[in-house]
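Assemble chain B onto chain A, guided by the hints.
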Amino acid sequence: MTDSPIFVLERVFDAPRELVWRAWTDPTLLARWYGPNVETIVHELSVKPGGVWRNEMKWGNGGQRERMEYLEVIEPEKLVWLHSMTDENWTVSANPMMPDWPRVLLTTVTFKPDGDQTKLRLTWQPYEASQAEIDCFAGAMAGLDQGWGSGMDILAEVLAELQA
Amino acid sequence: MELTGYDSDALNSVFAALADPTRRAILQHLVKGDAPVSELAKPFAMSQPAISKHLKVLEQAGLIERAIDKQRRPARLRAEPMADAVRWLEVFRDYWAIRFDELDSLLDELKKADGKGPGND
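Protein chains in written order, with my numbering: chain A, 1 to 164; chain B, 165 to 285.
Hints should not be assumed to be uniformly reliable.
[To be verified] With a cut-off of at most 27 Å between alpha-carbon atoms, the simulated DSSO-like pairs for lysine-lysine come out as follows:
no., chain 1, residue 1, chain 2, residue 2
1, A, Lys119, B, Lys276
2, A, Lys119, B, Lys275
3, A, Lys78, A, Lys119
4, A, Lys78, A, Lys48
5, A, Lys119, A, Lys48
6, B, Lys275, A, Lys48
7, B, Lys206, B, Lys196
8, B, Lys275, A, Lys78
9, B, Lys276, A, Lys78
10, B, Lys275, A, Lys112
11, B, Lys276, A, Lys112
[What the hints assert, rightly or not] Covered stretches of chain A (in silico footprint by chain B; criterion: 3 or more residues with CB under 8 Å from a CB of chain B, positions within the stretch not fixed):
no., segment
12, 7 to 13
13, 33 to 44
14, 130 to 136
Think of the hints as simulated: they come from the structure by calculation, not from any bench. Backbone N, C-alpha and C fix where the C-beta goes; we use that ideal spot for every residue, glycine too.
One chain only, chain A, in its complex shape (with noise of 0.2 Å):
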């Protein structure tokens, strides 16, 4: 029904592409920043063809698991990886919140110089998904484009009628 749609994330960053970089493929580093404000274990990072990055987040009495297997490593231009979220096992598993929701979501992350500055490209879509994940993801990505409908009137005027 439909083409599966892409999600676009863009950000000029005000650091040499190295440093930002070095960000993403230090295990150290990338504790420090994903994962904001809570607890962040990098148990593994393999930055090459067919490495993994295994990374838990840990909150209260709760946490998530990912499960990232990079495709592509060009330094410093272009990290390539299927995203995922595991069990404890770190066995691939579907969004307890939405289970349609894509099990794994093709990320490429490009690195742009600028000057001084890096500009950074980041984008999700979803990977040998079934109908069923794309139309998920689909869904929500009408929503960030035009707040499903023309404009995010519809959900402001939802969101006042529920709390009317």
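Below, chain B without anything else, positioned relative to chain A:
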């Protein structure tokens, strides 16, 4: 990231229902007020049965309800499932944005350290 009190299957169907532009347009129309199929079909080059199918998907996702005792069975928007979906969407939207904020601060720190310290490895 942790959200509780969700009916995950319900959320699933909400997102699937919202993947379709016609269904999103129907919902938006319903924000203005209840409407029967005939009225909802007007803006689209679609038959009433086609629109009825879309309404069924929206109804199964819990996004609308339809009066049973009235002949025209006007559709009415239900806000709660939508609100859950919005909250989930915000978590998703912020996933990387929050991390990028942290990365931004870390890079600032690293630059300062590099500036006055012994330098990079």
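Quick rundown of the hints versus the structure:
For the given pair, Lys119/A sits about 20 Å from Lys276/B by alpha-carbon distance, which is consistent with the 27 Å threshold. A distance of roughly 17 Å separates the Cα atoms of Lys119/A and Lys275/B; the hinted pair therefore holds under the 27 Å criterion. For the suggested pair Lys78/A and Lys119/A, the alpha carbons sit about 12 Å apart, so the restraint of at most 27 Å is met. Taking the CA atoms of Lys78/A and Lys48/A, the gap is about 11 Å. The hint holds against a cut of 27 Å.
Annotation: proposed proximity of Lys119/A to Lys48/A holds, straight-line Cα distance about 22 Å (limit 27 Å). Distance hint between Lys275/B and Lys48/A is fulfilled; the C-alpha atoms sit about 26 Å from each other, no more than 27 Å. Distance restraint check for Lys206/B and Lys196/B: the Cα-Cα separation of roughly 15 Å lies within the 27 Å cut-off, and the hinted pair is therefore satisfied. Proposed proximity of Lys275/B and Lys78/A is supported: the alpha carbons are some 22 Å apart, at most 27 Å.
In summary, the hint linking Lys276/B to Lys78/A is supported, as the alpha carbons are separated by about 25 Å, within the 27 Å threshold. Under the criterion of a C-alpha separation no larger than 27 Å, the hint pairing Lys275/B with Lys112/A is consistent with the structure, at around 18 Å. At roughly 22 Å between alpha-carbon atoms, Lys276/B and Lys112/A fall within 27 Å of each other, so this suggested pair holds. By the rule of at least three residues with a Cβ nearer than 8 Å to a Cβ of chain B, the coverage given for the segment 7 to 13 of chain A holds, with 3 such residues.
For the segment 33 to 44 of chain A, the stated coverage by chain B holds: 4 residues have a C-beta nearer than 8 Å to a C-beta of that chain, and at least 3 were required. Counting residues of the segment 130 to 136 of chain A whose beta carbon lies closer than 8 Å to any beta carbon of chain B gives 3, which reaches the threshold of three, so the coverage claim holds.
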